[in-house]
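J.: Please construct the entire structure, taking both the sequences and the accompanying hints into account.
Each chain is listed here by its residues.
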Amino acid sequence: MAGLALDQLRKTYSGGVEAVRGVSLDVPDGAFCVLVGPSGCGKSTVLRMIAGLETVTSGAITIGGRTVNTVEPADRDIAMVFQNYALYPHMRVYDNLAYGLRNRGTPKPEIETRVREAARLLGLEAMLTRYPRQLSGGQRQRVAMGRAIVRKPQVFLFDEPLSNLDAKLRVQMRVEIRRLQRQLGVTTVYVTHDQVEAMTMADRLVVMNGGQIEQVGTPIEIYRRPATRYVATFMGSPPMNILPAEAVAGGVRIDGTVIPVAGIAPGTPVEAGIRPEDLRLAADGLAFRVAFVEELGATRLLHGPLAGTDVAVQVPAGSAPQEGDTVRLAIDAGALHLFDPATGRRLAQG
Amino acid sequence: MVENRRFGNLIPHLVLSLGVAVVAFPVYLALIGSTHDAATIANGQMPLWPGGNGIETYRRALTESGMAGAPVGLMLLNSTITALAIALGKIFISLLSAYALIYFRFPFRQTAFWAIFVTLMLPVEVRIYPTYKVAADLSLLDTYAGLALPLIASATATLLFRQFFLTVPNELVEASRIDGAGPVRFFLDTLLPLSRTTMAALFVIQFLYGWNQYLWPLLVTTRDDMQTVVIGLRKMTSITDQLTEWQIVMATAVLAMVPPVVVVFAMQKLFVRGLVETEK
Ligand SMILES: Nc1ncnc2c1ncn2[C@@H]1O[C@H](COP(=O)(O)OP(=O)(O)O)[C@@H](O)[C@H]1O
Ligand SMILES: [Mg+2]
Chain A
1 MAGLALDQLR KTYSGGVEAV RGVSLDVPDG AFCVLVGPSG CGKSTVLRMI
51 AGLETVTSGA ITIGGRTVNT VEPADRDIAM VFQNYALYPH MRVYDNLAYG
101 LRNRGTPKPE IETRVREAAR LLGLEAMLTR YPRQLSGGQR QRVAMGRAIV
151 RKPQVFLFDE PLSNLDAKLR VQMRVEIRRL QRQLGVTTVY VTHDQVEAMT
201 MADRLVVMNG GQIEQVGTPI EIYRRPATRY VATFMGSPPM NILPAEAVAG
251 GVRIDGTVIP VAGIAPGTPV EAGIRPEDLR LAADGLAFRV AFVEELGATR
301 LLHGPLAGTD VAVQVPAGSA PQEGDTVRLA IDAGALHLFD PATGRRLAQG
Chain B
1 MVENRRFGNL IPHLVLSLGV AVVAFPVYLA LIGSTHDAAT IANGQMPLWP
51 GGNGIETYRR ALTESGMAGA PVGLMLLNST ITALAIALGK IFISLLSAYA
101 LIYFRFPFRQ TAFWAIFVTL MLPVEVRIYP TYKVAADLSL LDTYAGLALP
151 LIASATATLL FRQFFLTVPN ELVEASRIDG AGPVRFFLDT LLPLSRTTMA
201 ALFVIQFLYG WNQYLWPLLV TTRDDMQTVV IGLRKMTSIT DQLTEWQIVM
251 ATAVLAMVPP VVVVFAMQKL FVRGLVETEK
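Chains as they are written, first to last, in UniProt numbering: chain A, 1 to 350; chain B, 1 to 280.
Bear in mind the hints are in silico, worked out from the structure with no lab data behind them. Computed from a predicted structure; not experimentally measured. Misleading hints may appear alongside valid ones.
[To be verified] List of simulated lysine to any residue pairs, SDA-like, C-alpha gap at most 25 Å: (1) Lys-168(A) / Gln-139(A); (2) Lys-269(B) / His-90(A); (3) Lys-108(A) / Met-257(B).
T.: And the structure:
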């Protein structure tokens, strides 16, 4: 077992695309690290560089204290699970699991033991003689994980492993992957564009954007104290509302109402972020005309204009406002996130 | 449409049956002809029912040198060796060249691809004189190598394999790399098994291609005992100094059909799958 470290990792593809622009990251031994970000932000490229499937333009990758920049994928002590599983279609499940071990000259009895062990762990014992085409999506996913497990690697790499599954199975496999990883204690890097997956699975969440890391932290830290406006709006569904605001003496003025916030010099340009669940219906406050309502069952989402932008307000099921009503909204100072409009960085608040 | 289904099924069956009859009738005639004696056919009335001379005719055709100067048995052997060498040789060469084209980055890769592509426009008939010169200089005349080698280089097969390789997901290569399989291992353990149906389809097509060659074997063989059955058959029908024994010619024609038919039947399942399906 070992940790993984990336130091100022960069990747420029031969076409000139700068896919990864200086990524530094420490993944402690046994941690479950999730890279999340929109499509095209360079997550896969980072993962593939760790795996050794892409060359490194500059920077260093260290696995268990050993710099592996130029080591062949097979010798990096990693295992990877691909989005489309990449099972060998012409091999039975058993051989799919055993193939890597055979190539490394593992003795037969040892292979047998390890394959049976992995199959037991994943509930695949009855499928060992089947071909991949005879398996369901979820079972194939398991085989792909089995192939990673039998190698007993130092690092597991997952590239959007659940995106080909239906919603129900995805939730189920999410839990299962997490359970397995805890049980085996293998350091893991998991790539996804799905922020729910990222929030629920990560010990350590890394939000990426445009080839760079925006923020690293626990899911709760990232949700509670997003370091940039980008992170604030990317993590959370529905996304955080961003309102134009003005720093004045005694606080921040939004749409004519001053909310008391300490530590912001009057005149500083600011933008105010507020999550839909932090906007409360109140007797007094900002006027908000409900343009339309989304009924989500447990909660309701009110949409409408506020301070010149469209905002969403999350209210409990059974609350009164209907389309066309005008209501009053209260904002707690503690729920307010302030960002620099120019850089998008979070502003320190008292 | 639905209420017409019965009738709708009938018409295609009729048309197909008619087609089969048109194709099969000459074959039937050849088969019948080979069971009569020379005199029956020579007097101009082609019988429609089997005669009693079949066993004798086939025995003679297979063993006697007769009109073509070599027994049909030997010519069949020559044809089989040639066609097998061509089919297997083409598959072997094309697999390797397509593998190089798809999975390796080397200087002038694109040039190599186009060079192969251009040879599509240069079948043996077009380059026959230089090819003959080369074959003669290498003393390949009247050898199996001479019969097969010039026909082995194949752009068609290379392109077909290339097309197939392009459909193999790149992740399989990467999974293999992580599993510690180098280029040779990947080729043997993964690419080759996946290409099975494509190979089968190509084998059938190229075996028939090799079997039906006429011009090149005609040029490159002078000895009767090296000629292929297609050449032999042609020779039998155009001898001038003796009476053509048509029942033997018919028997030879029937015999010449047997190996291709066997190949097609044996490979039928794989062949069809190779043409219609891309296994992933
Ligand atoms: N092989 C490649 N050659 C050139 N550009 C690539 C290649 N792979 C990815 N890219 C580009 O690099 C950027 C990051 O891609 P990727 O790492 O796949 O993003 P993600 O996995 O976050 O969706 C994208 O702009 C993509 O177009
Ligand atoms: Mg990706």
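J.: Output the indices of the hints that this structure fails to meet, ascending.
T.: 3
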